[in-house]
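Participant: The residues making up each chain are set out below.
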Amino acid sequence: MDFTFTEDQLAFKEAISRFLKTEVPPEVLRDICDTEEGSTSELRQKMAEQGLAALSVPENQGGLGMDDTAWSLLTQELGYYAIPDSMADTAYVASGLLTALPEGTQQREQLLEMIAEGSIRIAVVHGVNPLVVDLHLADKALVEHEGEVHLVSREQFDCERNTSIDSSRRVSRLNFSASSASKIAGADDGSGVWAETLNRGALAVAGKSLGLAQRMLDLSVDYAIQRKQFGKPIGSFQAVKHKLADVVGGIETAKPTLYRAAYALANGDARADLYVSHAKLACCQAAMVAARHGIQVHGAMGYTWEADLQMFMKRAWALQASWGTAEFHRQRVADDILADGVAIGPQYTFEG
Amino acid sequence: MDFTFTEDQLAFKEAISRFLKTEVPPEVLRDICDTEEGSTSELRQKMAEQGLAALSVPENQGGLGMDDTAWSLLTQELGYYAIPDSMADTAYVASGLLTALPEGTQQREQLLEMIAEGSIRIAVVHGVNPLVVDLHLADKALVEHEGEVHLVSREQFDCERNTSIDSSRRVSRLNFSASSASKIAGADDGSGVWAETLNRGALAVAGKSLGLAQRMLDLSVDYAIQRKQFGKPIGSFQAVKHKLADVVGGIETAKPTLYRAAYALANGDARADLYVSHAKLACCQAAMVAARHGIQVHGAMGYTWEADLQMFMKRAWALQASWGTAEFHRQRVADDILADGVAIGPQYTFEG
Amino acid sequence: MQLKFNEKQNAFRTEVREWLSNNVPAEPLQSYDTREGFEQHREWEGKLYENRLSMVMWPQDLGGRGCDLIEWLIFEEEYYAAGAPMRVNQNGQLLLGPTLMEFGTDEQKHRFLPRMASSQDMWAQGWSEPDAGSDMASVRSKAIRDGDEYVINGQKTWSTRAIYADWVFGLFRSDPDSKRHHGLSYLVVPLDAPGVTIRPIKALNGKDAFAEVFFDDVRVPASNCIGEEGQGWSVAMATAGFERGLLLRSPARFQQTAKRLVDLYRQYAANHGENGALRDAVLESWMGAEAYAQAAYHTVGLVEKGAKIGAESSINKVIWSELDLKMHEAAMEMLGAYGELRGGSPAALDDGSWLEGFLFAQAGPIYAGTNEIQRNIIAERMLGLPRA
Amino acid sequence: MQLKFNEKQNAFRTEVREWLSNNVPAEPLQSYDTREGFEQHREWEGKLYENRLSMVMWPQDLGGRGCDLIEWLIFEEEYYAAGAPMRVNQNGQLLLGPTLMEFGTDEQKHRFLPRMASSQDMWAQGWSEPDAGSDMASVRSKAIRDGDEYVINGQKTWSTRAIYADWVFGLFRSDPDSKRHHGLSYLVVPLDAPGVTIRPIKALNGKDAFAEVFFDDVRVPASNCIGEEGQGWSVAMATAGFERGLLLRSPARFQQTAKRLVDLYRQYAANHGENGALRDAVLESWMGAEAYAQAAYHTVGLVEKGAKIGAESSINKVIWSELDLKMHEAAMEMLGAYGELRGGSPAALDDGSWLEGFLFAQAGPIYAGTNEIQRNIIAERMLGLPRA
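Protein chains in written order, with this note's numbering: chain A, 1 to 352; chain B, 353 to 704; chain C, 705 to 1092; chain D, 1093 to 1480.
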C-alpha cells in the first residue's frame, strides 16, 4: 500500500509545469483567444517535444507507455495553465482508445505512432460529450456509433462550430454517416473500449478542473494579500479567509479521489466507473467553489475581462458538464453504491 | 392591498407576549421539563384567561372569532417562549376543525363552548402527524380515519408514550378502534375539513418554528456581545456576524410566507396547500439555521444543558417533521407549481 | 390584512399590461453594454416616458405619474412578465433620482429629472475610486471651488456604461484637507466636458460594461452641486439605501426568472425524466423569489404606515443576489454540456440567454456593496453586534 | 502508487477482524457518559489491551504492538466495521500519549502509558478555562513550585468525563508574572488529590459528559511535569496537531456512518419511493467519507516518506465535522416524525441511535478547536494570509 507518486513521476510533472509556465503565461493565453483557430501548432509541437504526445502510447509504437496515474498529474498542469489545446484528447483519450483496441485493428499501430510523434490530432466523439474541442483542427475523429468504433478523416465529417463562453475553447458538433468503411471495431470489442474511453475523458476533465481550482485559489490568495480596503489587506478579513479555506478543503479532498480513480483505470478495477465519477464530481465541484469564492474575493475586479481570473473561471464552468453532467456521474455512483449486496464500508476503501 | 396587521391584532400579540414572558421564563420551562405530565393545568388555565383558548372559537359559541392570521402572530409567541403546552392544538387546530364541520354535528357546539371556556383539551390525530403532543392529557381526540372525523374520549383510546429529545414535549401515538359510534362526520364532509386541519397543524408548527428561530437569534446575539475571546467580544468577529446575519435573512424571508399562508387559509384560497407548505418549509428552515448557527456561536456552552439555547434548539428539531416532513411539503409545492398551465410568475403574487 | 388589489390598482395593471403587450419589441434589443444596444434602449425608454411609464412613482410634473409603492410593484410585475427590455438608466433613475428629489433645488429637479426619466440624459455613477471598492468614503478625487465653478481632478472607476452615457454623478473632495466622509461634495458632471477622459473596462462577457472616468481640470458650475457643499456624504447616504433596497431589483425580476426555471425544468424532465435534486433546486428558487415578493409587499405596507426602510435593504440585497446565483446555477446544470454556449451558436438551447444571466449573476453578490459588507451592516445595525 | 495491501497487512486485518467478531459485545454498552457505561467501557478497553489492540501504534514495551500508520488505518477500519464500542480514553491516548512519547522521561512513559493503554488510568483533558474557549493561551490556573512539589490553584473546564476519570492533564501558569503562552508548565494531576473538586456539566443529551475541575492548593510532585518547567506551551503545541489531525477521528468512523446511511436510504426508498434530494445527500455523504479515507492513505504515504502533517489537520477537522453533521441531518430527514424519539421509545425506528449521533455531531464543529479557528489556521498557515 503506497498512495504516493514515484520521484520520476513527480519530476516529469515538475518539468512539464515549468515548461507550461514559461510558454503559456496569461498574456499568451489572451493572444491565443483572439486567434481564429484558438490553438497554435507551434505550442502543440513544443508540448510534443516535451514528451506529452508520446506519454501513454505503448513503447512498441514509440511511446513512453505511462499510465493513467501520470495523466492524473499532468492534466492538473494543463488545467493550472488553462492550456488552450486539446493535447490530452489525442495523447491520452484517443491514444488510450487505440491502445485498447485489438492489435492489428485497421490503422491502430500507424495512428499510435503518429500520436507519439506528435504529428496528428485525433478527436474523440461520444454521445456523452456532444461538444468536441478542436474538432475543426482534427485530422481524424474516433466516433462512437452504436457501440462500434468508427474512424473518420476530416474531409468525411461536417463540423458545426459553436462559441463557448471560454473563448480559447473551440467546440463543435460532428455530423457524419457511419458506414462499414468507417468502422474499425464492432460493438463486441467497442463497448468495453468506449466504457474505458468515457472514463478517460471524464478523468482528464477532472484533472484539469482540479488544476484550475488550484490556479484560481492562487490568484485569489495573491489578490487578497495585495489588495487593501479599509486600510488593511482584504486577506486579513475573516470572511475572505474562510472562503479561501473552503476552497482549500475542496481541492484537498478532491485530489486523492482523482489519483484513486486513475489507479483504478490503469489497473482495470471493476469499479472504475464509480471511482471516476466520484473524482469527476469532486474535482468539478472544487473548481466551482474556487470560481465562486475567487470572484467574490476579487470583488468587481473579478467580474472584468482584465483580471486573469476570468480565463480560469470560464474554463472551469465549461468543463463542468464536459464528458458527463454532474447528474450523469451521480447516477453512476448511485448505480454502484445503492445496489444490493455491494461492498461498501470502512474495510473496502481499496479492495471492494 | 394591505399586507400588515391591525393595531388590535398587534396589541393582542403584545399582551400575550408580555404575559408569556412573565409566566414562562426559562427557569419555569426547566421545572416543567422535570414534571411527570410535562405541562401544567395552572399555566393552561392562565393562558385561557388571557383569551388564547377562545381566540378562534366562533362568537356564537362564546369565542372571539379571530382567524388564522391572528394565530400566525400568536404561534410565534408560543414558539419564542417555547411554551410547553399544546394550547394551539386545542384552541386553533381542533377549534378550526370543529368550526368547519356542519352546524349541528354531534357535540360540535358543546365542544367549541368548552374550548372557549378553556375547560377541555382536545388532541387532533392525523396520519401525517403520528406523534401527538400531550395526547396523554387530552380529554378527547379528533381522529382522521379514511377521511372521516371520529371523536373519542380518553378512555376509548390507548396512548403509547414516547420520549422526545425535547423533554418538555410529551408525544404519544394513539390506538383506537373506529366505529360508527365514534364517527361524527363522514368522508364527504370530512375530507375538506381534514385538508384544512392539516394546513392549520402545519401552520401552527411554522409559526412556532419562526418564533423559536427569533429566540435562538436573540440568545445568540446576547451571548456574542457578552462573551469575550482573544480580548474582544466574539460578536465583533466577521465569522460570527455573518452567521447571525444569515439567521436574520432566514427569519425575514420566512415571516411574510407565514402571514401569506394564514391569510390564504382564513380566506379559503384554493392554493392554500401551496402557501402553507411554503411557509412550513421556510419557517422550519429558518429555525434549523438559527439552531445550527446559534450553537456554533455559543461554542461549547451551546452544547450544554445549562445554556438556555438547548431548550429552543430541541423544540426546533422536534418540530422539523411535525405535521409533515420537509419532503411532504416540498411535494405539495411541486404538485402545484410544476403542474400544467398553472398561474405562476410575477403577476400572480396574490391572485393566482 | 387585505391581500386583494382595489379597482384602481387593477385598472392600472390592465393598462400597463395592455400597453406592454402592444409595445414590447418582438425581437429582443441588443445588449445595452454595446453602443447600438444602448441607443436601442434609450429609444425604448423614451417610449416608456411618452406614456408616463418610465418612472411611475415620480410626480407628474417631473415626468412620472405619481404612483404609490403598490402601483410600482404592479408595474414591475407586468414589466417583467411581459419580457420587456432591461432598464438602461437605472443608475440615474434609482440612485441620483431620489437624491435630487430630496436635496435638489427646484431648478435642479426640473433641469435633470424629466430628461433622466426619458433617458434623453443617460447617467453613469461615480461611486468607486481605484483602491476604494466597498470603502465608499475613501474618496481622493478633488473638486475645488473656484468662483462660481468647481475644478475637478481625479479618477472614478466601475462607472457602469460610462462610455455611452451623458452624465456622471458622485462624491468629490471639496475640502482638500478633509478626511474620510468629511469635506465631500455631491456633484454632477457632463461626460462631454473638456478634461474628461473615459477608458472602458470589459466585463466578464467581453462587453464594455464599465469604465474608468478621469478628470483633468474639469470645470462645472457650482449649480451642479446637489445639496450643500461639504455635505456630500450625508446627501449620498440619505438615499444610498435605495440602491441596496427594494427599487434596484424588484422581486418581479426574480419571479420571472423562477418561472422560466420552472419551464426549463419541465422541459428537462420531459427529456431526461424527473430529477429530485433539480426539482428541489427549482422549488427553492420559486419559493425564494415568492418570499422576496411577499416580503416586499409586507415592507411596502409598513412603509405606507410610516415605517422607515433601514438595514432591511441589506437583507434584500443578500437574498436576491444569492437567489439569482442559485437559479442560474440550476439552469446551467439543466442545460448540461450546452450550457457553455453563447448566443448565436447553432447548438445553443436558449440562444445563450441563461449563460448571459449566469455571468451577470456572478456580479450580484459584489455590486451595490458586497454581500460581506451587507452582512456586516445587518449584524451591526440590526443586531447591534460590535464593530471589529 | 500501489493500492494493494501486502500479506502482513492482510494478515493483521484478518486477525483484527476475527478477534473483533468474537469479542465485540452483542449488546451495545451503555453510554460512557454515565458511571456504569464508563466502567463497561473501561472493561472493554482492558480486553483490547490484553490483546494488544488498544494502542496498536505504541511500542511493544509500552503496551502497543508497534504498528505503522497503515496498520493503524486497517485496525480502525475493522474496528468501526465491527460496530465495536466508542473509545473512552481517547483524551489520554491521543492527546497526552503522543506528548509523553516525545517529552516524557522513561520513568514517566512507563508509569503512565501502559496504564493509559489499558484504561486502568482514565484521563481527562484540562485544555480550557472559563472565558478562554478557543483561546488556549489564556491560562489563569497557577502551579507554583514549592520545593519538590507544585501547588495548583485555579479552574479548568470542559473536561470530558472528568467526574469519572482518574487523572487530568493540562497547562498551568508556573511563572505567575508571565503572560499568554510564556511561563506555562504541562502537568498531570490525579483527580483524587486533596483539593480537587469536580462539578459535572450536563451535555445536550442530558448526561454528565463534561466537568469543571477546581484546584485548591492541590499538591503534585515535580515529577508530574511533562517536559521542562515553563515550556508547557511548546510541549502542548508539538502534539496539539494530533488532536485535530488524523488520529482523533479516523475516516473509518465516517465511512461506517455513511454505510449505515446508505442502508437507511435503501429502507426509506423501499417504503416511500426514491427521493432524488435524499439520494444525493446520501451519495455526497458516501463520497465525502470515502474521500477523507483516501486522503488519509495519501497523507500517511507522504508521512511515511518523511513529510510532516501541518495545517492539513485543520482541513480534516473541518471536513469530518461538517460531513458528520450533514450525514446526521440526512438521517433525521429520513426518520421523519420519528427522528425526535430517544432510545427506549416504542415508536423509535432505530432506538434513538441516529438522534444521539445527531446531537453529538452538533459538537463536531466546536470541539478540538472550533471550525472558525481551523479556517483561520488554514488561511494563515497554508495560504499565508495576514493575521487580522
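Since the hints were derived computationally from the structure, they do not count as laboratory data.
Because the structure is a prediction, the values reported are computed rather than measured.
Be aware that one or more of the hints could be misleading.
Away from chain A, derived, C-beta distances all over 10 angstroms, residues of chain D [what the hints assert, rightly or not]:
#: 1; residue: N1114
#: 2; residue: E1168
#: 3; residue: E1194
#: 4; residue: A1387
Taking CB as the label site, the calculated pair distances span [as the list claims (entries may be wrong)]:
#: 5; chain 1: C; residue 1: D920; chain 2: A; residue 2: R18; range: 44 to 50 angstroms
#: 6; chain 1: A; residue 1: Q110; chain 2: D; residue 2: D1160; range: 47 to 53 angstroms
#: 7; chain 1: D; residue 1: S1113; chain 2: A; residue 2: E59; range: 43 to 49 angstroms
#: 8; chain 1: A; residue 1: D31; chain 2: B; residue 2: D687; range: 24 to 30 angstroms
Using N, Cα and C, we set each Cβ at its ideal position, and we do this for glycine too.
Participant: If a hint holds in the structure, say so; if it does not, say that too.
Facilitator: These are the hints, each one checked on the structure:
At roughly 17 angstroms, the least C-beta separation between N1114/D and chain A is larger than 10 angstroms, which holds for a residue marked as non-interface. Consistency note on E1168/D: stated as away from chain A, yet its beta-carbon is not over 10 angstroms from all of that chain's, at 7 angstroms minimum. With 10 angstroms as the threshold on Cβ separation, the claim that E1194/D sits away from chain A holds: the shortest Cβ distance comes to roughly 25 angstroms. Annotated as non-interface, A1387/D brings its C-beta within 10 angstroms of a C-beta of chain A; the closest such distance is 5 angstroms.
At roughly 45 angstroms, the beta carbons of D920/C and R18/A sit within the given window of 44 to 50 angstroms. In this structure the supplied range 47 to 53 angstroms holds for Q110/A paired with D1160/D, their Cβ-Cβ distance being about 49 angstroms. Here the CB-CB span from S1113/D to E59/A is close to 48 angstroms, well matched to the stated 43 to 49 angstroms. For D31/A paired with D687/B, a C-beta distance near 54 angstroms fails the hint of 24 to 30 angstroms.
The earlier numbered hints that this structure contradicts are 2, 4 and 8.
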